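Q: Now for the letters of each chain:
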Amino acid sequence: MHEHEDVRIQNILAKHADALINGDVNVEALLQQHGFAHNERVRQMMQIAEQTYHLMPRVEPSEAFVARLRHDLTGYGQPVTMLEWLRHLQWDRAAFERTLQEQVDRLSAGLPQIHLDKPLDRFRHMPFGMQVAAGLTITAGVFWIASRVRRDGLLAAYSPRASEQSA
Amino acid sequence: MVEISGPDYHNMTDARLVRLASDGDKPAFGELYERYITRIYNYVYYRTGNTQDAEDLTARVFTRALSNIQDYDERGVPFSAWLYRIAHNLVANWHRDNSRRKIIPLDDFLPSQVLEEAPEMVAELREEQTHLMESIKQLPDDRQQLLLLKFVERLSNAEIGEILGRTEGAIKSLYHRTLAALSDHLGARGIVPNNSIGRSKKPEPKKYSS
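Chains A and B, in that order, give the protein sequences. Residues are numbered in this note's numbering as their position in the first sequence, beginning at 1, plus a constant of 1214. Residues are numbered in this note's numbering as their position in the second sequence, beginning at 1, plus a constant of 49.
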């Protein structure tokens, strides 16, 4: 008898869940139809089901993520650059570490790595020593330009013509 | 003039696509990817509670599926159930490695209709939702999975059974026991659920764009 009651409850709850998902739920009609109009326990379980259902809306993954993964898996679609991807991740250390981990996973699965922007791509493919040298050259270049700008400014300020003009 | 067109992947069954993908047909795997990306993402998102981990793990699910597709046996479980099992294992590892159980932030999921029309109800609803979420978090893993597959993925009991490796009847029974457990848990804390949320429409899918 108890077992039979359990099966009846399982059936009404299953129908209620289907109706919820289909968007045409009528709790009172279901309770009447299955002979549970005065069963507060069943009514309460239906209310909990309804609340749970509304607490879990479907989410959509971002288009950038879907496009990048599609391209990585199949080679089709628009490739997403590393810079775009990092922008998508709203650059932070943890995100960078995850991306690195993903690169490792991809390599072990024999999949292509995430694409980099062209300048960065070139830099990435350089040997380590050359990367250091390139980094130092760029830094030195920046300092050289900055010092020239400063020197030119000082020369202009202290040149005889400048002195005459100020006098 | 003869028009040459490629295979109609869109109308192929999963089983056919899997056979082609096993032979290295990338567009066939691409079609499977399109069919399941959102479902797998949702599953992982609700098990991890944040977008970044959901993306990482979803990517790993499909990467693993692609590398192991030759091992997939279509006589065993449907392809979708196989994918969910990969997702389930990866999420379980993630929980084990991180020793944590996260859940979605509630603020994101209050129906906008309630927020706009009845701001005085918001605090009450949020409290109810918090209690309900807390109760869901206390549930064993298979029951949380069941709620997810039923309400987010909208799968039938038969489909859920294939993923969890149980019969349709066992899923109906598990669903009943899950709701009963939630009712007991909330009742023990003196919380009587009301269906005020249920009168509003379920929120539209939430989009996580960059």
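Source of the hints: derived by calculation from the structure; they are not laboratory data. Please note that a few of the clues may not be correct.
Claimed, not checked - Here are the simulated DMTMM-like cross-link-like pairs (lysine to aspartate or glutamate), alpha carbons at most 25 Å apart as the crow flies:
1. A:LYS1229 with A:GLU1242
2. B:LYS186 with B:ASP122
3. B:LYS186 with A:ASP1232
4. A:LYS1229 with B:ASP233
5. B:LYS75 with A:GLU1274
6. A:LYS1229 with A:GLU1254
7. A:LYS1229 with A:GLU1219
8. B:LYS186 with B:GLU176
9. B:LYS186 with A:GLU1274
10. A:LYS1229 with B:GLU176
11. A:LYS1229 with B:GLU123
12. A:LYS1229 with B:ASP190
13. B:LYS186 with B:GLU208
14. B:LYS75 with B:ASP63
15. B:LYS75 with A:GLU1219
16. B:LYS186 with B:GLU173
17. B:LYS75 with B:ASP122
18. B:LYS75 with B:ASP120
19. A:LYS1229 with B:ASP63
20. B:LYS75 with B:ASP146
21. B:LYS186 with B:ASP102
22. A:LYS1229 with B:GLU173
Here the structure is a predicted model, which means the values were calculated and not measured.
Q: Against each hint, give a clear statement of whether it holds in the structure.
A: Now the hints, each set against the structure:
1. For the proposed pair LYS1229 of chain A and GLU1242 of chain A, the alpha carbon gap of about 13 Å is at most 25 Å, so the pair holds.
2. Our distance criterion of 25 Å between C-alpha atoms is broken by LYS186 of chain B and ASP122 of chain B, whose separation comes to about 34 Å.
3. Taken as a hint, the LYS186 of chain B and ASP1232 of chain A pair is honoured in the structure, with Cα atoms around 23 Å apart against an allowance of 25 Å.
4. With a C-alpha separation of about 22 Å, the suggested pairing of LYS1229 of chain A with ASP233 of chain B holds against the 25 Å cut-off.
5. With a CA separation close to 24 Å, the supplied pair LYS75 of chain B and GLU1274 of chain A stays within the 25 Å bound.
6. With a C-alpha separation of about 17 Å, the suggested pair LYS1229 of chain A and GLU1254 of chain A falls inside the 25 Å cut-off, and the hint holds.
7. For the given pair, LYS1229 of chain A sits about 16 Å from GLU1219 of chain A by alpha-carbon distance, which is consistent with the 25 Å threshold.
8. This hinted pair checks out: LYS186 of chain B and GLU176 of chain B have alpha carbons roughly 15 Å apart, not beyond 25 Å.
9. For the hint pairing LYS186 of chain B with GLU1274 of chain A, the CA-to-CA distance comes to about 23 Å; that is within 25 Å, so the pair holds.
10. Taken as a hint, the LYS1229 of chain A and GLU176 of chain B pair is broken in the structure, with Cα atoms around 28 Å apart against an allowance of 25 Å.
11. With a CA separation close to 30 Å, the supplied pair LYS1229 of chain A and GLU123 of chain B exceeds the 25 Å bound.
12. Between LYS1229 of chain A and ASP190 of chain B the alpha-carbon distance is near 24 Å, which keeps this suggested pair within the 25 Å criterion.
13. For a cut-off of 25 Å, the pair hint linking LYS186 of chain B to GLU208 of chain B stands: about 23 Å separates their Cα positions.
14. Distance hint between LYS75 of chain B and ASP63 of chain B is fulfilled; the C-alpha atoms sit about 14 Å from each other, no more than 25 Å.
15. Only pairs whose Cα atoms come within 25 Å are accepted, and LYS75 of chain B paired with GLU1219 of chain A is rejected, the gap being roughly 52 Å.
16. At most 25 Å may separate the alpha-carbon atoms for a hinted pair to count; LYS186 of chain B and GLU173 of chain B meet this at roughly 20 Å.
17. Distance restraint check for LYS75 of chain B and ASP122 of chain B: the Cα-Cα separation of roughly 19 Å lies within the 25 Å cut-off, and the hinted pair is therefore satisfied.
18. Distance restraint check for LYS75 of chain B and ASP120 of chain B: the Cα-Cα separation of roughly 17 Å lies within the 25 Å cut-off, and the hinted pair is therefore satisfied.
19. Straight-line distance between C-alpha atoms of LYS1229 of chain A and ASP63 of chain B comes to about 28 Å, which puts the hinted pair past the 25 Å bound.
20. For the hint pairing LYS75 of chain B with ASP146 of chain B, the CA-to-CA distance comes to about 32 Å; that exceeds 25 Å, so the pair is violated.
21. Between the alpha carbons of LYS186 of chain B and ASP102 of chain B the distance comes to roughly 18 Å, so the proposed pair stays at or under 25 Å and holds.
22. With a CA separation close to 29 Å, the supplied pair LYS1229 of chain A and GLU173 of chain B exceeds the 25 Å bound.
In this structure, the earlier hints numbered 2, 10, 11, 15, 19, 20 and 22 are contradicted, and the remaining ones agree with it.
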